[in-house]
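Work out the full structure, taking the sequences as your base and the hints as a guide.
Line order of the protein sequences matches chains A and B. Residue numbers for the first sequence, in the numbering used here: 1 to 116. Residue numbers for the second sequence, in the numbering used here: 117 to 228.
Worth flagging that the hints you see were computed from the coordinates, not collected in a lab. Treat the hints with care, as some may be off.
Some, not all, of what chain A presents toward chain B, calculated at C-beta under 7 Å [unchecked claim]:
{"#": "1", "residue": "P40"}
{"#": "2", "residue": "S43"}
{"#": "3", "residue": "T49"}
{"#": "4", "residue": "E104"}
{"#": "5", "residue": "G108"}
30 Å max Cα-Cα, derived DSSO-like pairs, lysine-lysine [said to hold, decoys possible]:
{"#": "6", "chain 1": "B", "residue 1": "K119", "chain 2": "A", "residue 2": "K55"}
{"#": "7", "chain 1": "A", "residue 1": "K64", "chain 2": "B", "residue 2": "K119"}
{"#": "8", "chain 1": "A", "residue 1": "K14", "chain 2": "A", "residue 2": "K64"}
{"#": "9", "chain 1": "A", "residue 1": "K55", "chain 2": "A", "residue 2": "K20"}
{"#": "10", "chain 1": "A", "residue 1": "K66", "chain 2": "B", "residue 2": "K168"}
{"#": "11", "chain 1": "A", "residue 1": "K66", "chain 2": "B", "residue 2": "K215"}
{"#": "12", "chain 1": "A", "residue 1": "K64", "chain 2": "B", "residue 2": "K215"}
Backbone N, C-alpha and C define an ideal beta-carbon position, used for all residues, glycine too.
Okay, here's what each chain looks like letter by letter:
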Amino acid sequence: GAVVSQHPSWVICKSGTSVKIECRSLDFQATTMFWYRQFPKQSLMLMATSNEGSKATYEQGVEKDKFLINHASLTLSTLTVTSAHPEDSSFYICSAHQGGGHNEQFFGPGTRLTVL
Amino acid sequence: LAKTTQPISMDSYEGQEVNITCSHNNIATNDYITWYQQFPSQGPRFIIQGYKTKVTNEVASLFIPADRKSSTLSLPRVSLSDTAVYYCLVGPPSGGGNKLTFGTGTQLKVEL
Numbered sequence: 001g002a003v004v005s006q007h008p009s010w011v012i013c014k015s016g017t018s019v020k021i022e023c024r025s026l027d028f029q030a031t032t033m034f035w036y037r038q039f040p041k042q043s044l045m046l047m048a049t050s051n052e053g054s055k056a057t058y059e060q061g062v063e064k065d066k067f068l069i070n071h072a073s074l075t076l077s078t079l080t081v082t083s084a085h086p087e088d089s090s091f092y093i094c095s096a097h098q099g100g101g102h103n104e105q106f107f108g109p110g111t112r113l114t115v116l
Numbered sequence: 117l118a119k120t121t122q123p124i125s126m127d128s129y130e131g132q133e134v135n136i137t138c139s140h141n142n143i144a145t146n147d148y149i150t151w152y153q154q155f156p157s158q159g160p161r162f163i164i165q166g167y168k169t170k171v172t173n174e175v176a177s178l179f180i181p182a183d184r185k186s187s188t189l190s191l192p193r194v195s196l197s198d199t200a201v202y203y204c205l206v207g208p209p210s211g212g213g214n215k216l217t218f219g220t221g222t223q224l225k226v227e228l
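Structure below.
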């Protein structure tokens, strides 16, 4: 089956630093990738939609200058949390859509970000 | 996107059948119903998707009445490993590049 990986699986950083999270589709090409954020005991909240070769579409209330998304290839999307602060600590999850009539999104294992 | 309502939590015992119902009164004609499972600190996993009547796969069944205003996920003979959060989503097919909107989910706890 289709596999989506994320790297790193967890990261701890100091306040003010930037952190990059990678999302890769390992055995298929993803025309569209999505980034979610999930706080403890809460549901997933969509942050942005990432299409290969074009600018990401951000959901209302998500700062595009703070959460930089790059989808430079059909197998890789990156989310960079710039100038991270403790309130950015969360579980970040990506999903990928294969396209070509396939009817399912595949989720990555998530990345736990802790900002000190 | 249609809003969904699910029970916040459910408890069951190993070997029992578990039915989780989701209400989606404002479902649109083109909307599908999709269920995902999520374990702690993991990404969601697709379980099943349907449009109407009944859909069955190797892990679950999905029952959708004629008016499609609700749906029921049925998990046969649950085990401890089925303890997870189950999300009901309503909208365009989960693929097709469409964004998904997750509701609150149902925390299922399975005990011995």
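So, going through the hints one by one against the coordinates:
1. P40: At about 10 Å, which exceeds the 7 Å cut-off, the nearest Cβ of chain B leaves the hint on P40/A violated.
2. S43: holds (5 Å)
3. T49: holds (6 Å)
4. E104: holds (5 Å)
5. G108: holds (5 Å)
6. K119/B <-> K55/A: With a Cα-Cα distance of about 28 Å, the restraint between K119/B and K55/A holds, given a limit of 30 Å.
7. K64/A <-> K119/B: holds (26 Å)
8. K14/A <-> K64/A: holds (21 Å)
9. K55/A <-> K20/A: Distance of about 17 Å is within 30 Å: holds.
10. K66/A <-> K168/B: violated (42 Å)
11. K66/A <-> K215/B: holds (21 Å)
12. K64/A <-> K215/B: holds (17 Å)
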